[in-house]
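Now for the letters of each chain:
There are 2 protein chains.
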Amino acid sequence: MTSSTDADPGDLPTFAHVLAAADRLKGHAVLTPLLESSAINKRLGFRLLVKAEPLQRTGSFKFRGAFNRLVQLDEAARKRGVVAFSSGNHAQGVAAAAEMLGMPATIVMPADAPAIKLANTRGYGATVVTYDRHTEDREAITARIAEAQGATIVRPYDEREIMAGQGTAGLEIIEQAAARGITIDAMAANSSGGGLIAGCALAFAARSPATRLYCAEPAGFDDHARSLVAGTRLRNVAGAYSICDALLGAIPGQLTFEINRRHLAGGLVASDTEAKRAMAVAFNDLKLVIEPGGAIALAAALEGRFPGNPRTIAVIASGGNVDAAVFREALAA
Amino acid sequence: MTSSTDADPGDLPTFAHVLAAADRLKGHAVLTPLLESSAINKRLGFRLLVKAEPLQRTGSFKFRGAFNRLVQLDEAARKRGVVAFSSGNHAQGVAAAAEMLGMPATIVMPADAPAIKLANTRGYGATVVTYDRHTEDREAITARIAEAQGATIVRPYDEREIMAGQGTAGLEIIEQAAARGITIDAMAANSSGGGLIAGCALAFAARSPATRLYCAEPAGFDDHARSLVAGTRLRNVAGAYSICDALLGAIPGQLTFEINRRHLAGGLVASDTEAKRAMAVAFNDLKLVIEPGGAIALAAALEGRFPGNPRTIAVIASGGNVDAAVFREALAA
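As you go down the protein sequences, you meet chains R and D in turn.
The numbering used here numbers the first residue of the first sequence as 1 and each following residue consecutively.
The numbering used here numbers the first residue of the second sequence as 1 and each following residue consecutively.
Misleading hints may appear alongside valid ones.
Since the list gives no way to pick one copy over another, a pair counts as held whenever it fits inside one copy or between any two copies.
SDA-like cross-link-like pairs, simulated, lysine to any residue; straight-line CA separation at most 20 angstroms [stated by the list, open to error]:
{"no.": "1", "residue 1": "K26", "residue 2": "A179"}
{"no.": "2", "residue 1": "K42", "residue 2": "E303"}
{"no.": "3", "residue 1": "K42", "residue 2": "T14"}
{"no.": "4", "residue 1": "K26", "residue 2": "E175"}
Derived from the structure by calculation, the hints contain no laboratory data.
Starting from the given sequences, assemble the full structure and let the hints guide the process.
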């Protein structure tokens, strides 16, 4: 048994799954603030809302999906534990959720992941197994560990309950904006596998259907943007480089793309330089620490890249797990 | 007329004033999150809650008092506008509140205030008048402007409605902790004039009387700590230096000290080096940008300086308006 019995990865989530996830996360996840800066709004000429997921447990939205998935495992599965592969944020989300639920976790991480992500994952009590991104197959390593330990594999995005959990961030945005009387014209979330924007799309389709939704990706890794245009999943060209370590997925997820191609208006792209500029803006005007891969949707908004001049834009700052050296460099740029 | 008619600065605030301020601030101030990091808690061996006032409008708690004061001015006083002196955070608070309420604001600021604080104050539409901290008297300059324009002087701490406004941060801490079933054993807030901890003390005395309360100050500027021991207001020795530009007040406020000497258990002190270390911890584990003078209470907690080994400590990170160069230096330390 390498996967749990109560969640068939072949199932697509619905809005009902997002609502159920929100109930499960209540009191466990942080209700992160929807930040706004009058200085930013003045400069841009439109209203910008920033969902501050760096303030989420583990420093990224990934805790939402991980906890929603793990809390549904039965006692026997909990004892055997979980195994996941991740460049860092999913790793921390799974490790922290496992620790809270008292189950063992093994995380397969690239040896060159940011030091802060490796250290934090170990800090949550997980066993970290490193591999060489260029020569080794992380899925094969994960499968071997799952088989040896009878552990449940927790995929980073292509699972119903993972997507449903991430969608709670979108649900909160809608509720927080509504409480302030705000209508959101456009919304974007950073995309690697596409689970965050897919989950959010379910929430917006149900509760704010007029909002135009976008995924956001670093230049050179715009597989979602191109796939949405083509109507079929396209792979990134090998050999590209970006400092956005959280957004280097090779191809959109199978399940996430099924949702995203129905709901998204398109994909937005920003460069590493623009991501660093967005990190500096978040430092100055929001007092929020954002990692490069957490800042692409914000960068797209700051660079005026949303089509049709929307008057109110919401973006998710998806994570803040950045090494001090990289952050210092962004502030110096 | 240089002061409004509806708030006599000679009055001490009560808890009722804090409650009224909370009503006035609803929908105008940010309900800032009470952050927590399991990594920090593990390292410290006690539970630490951090009230994230850098996420407040204008990047510090000062907006609370300023808005609460300004919103009570009558139409005639609003037209004549307000004038304030401040090293930066009160300046921004008053400027932003004045802008929201459509009234002119003049702010008297030291010429060597952090560039970000000068720029932001102007960004909120205020007229900034700079002075030399070593040779000029800011109160005299402020009085001259008030007289010439008929503007209301908004003092940084020694006013009833300013203290009441700042106290809403403490009220929120109590409510946010209670919602999570948490009892707070000890609490500290950074003190320059002492308005923040005074307002908070009123809230804690009414709603969480068992919590032991402390002010927190940078080394060399521990006038509150020494005054509490002496039972009378003592001045800082001239010539001290600290990077905590927000906490360089010379002597406790007259009104704030009346409250603080009744309610505080004592004063905590941390060094500039410890403040920088606290800023780095907030970056790594909370993803929050804190300025040096906003990090002293946090530093005191991280350095284990609270007496009696409290099991749960709440501190206010009071501001995040720090220049990039200073922040980069803190991360490099």
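Practice task
Report the numbers of all earlier hints that the structure fails to satisfy, in ascending order.
Solution key: 3
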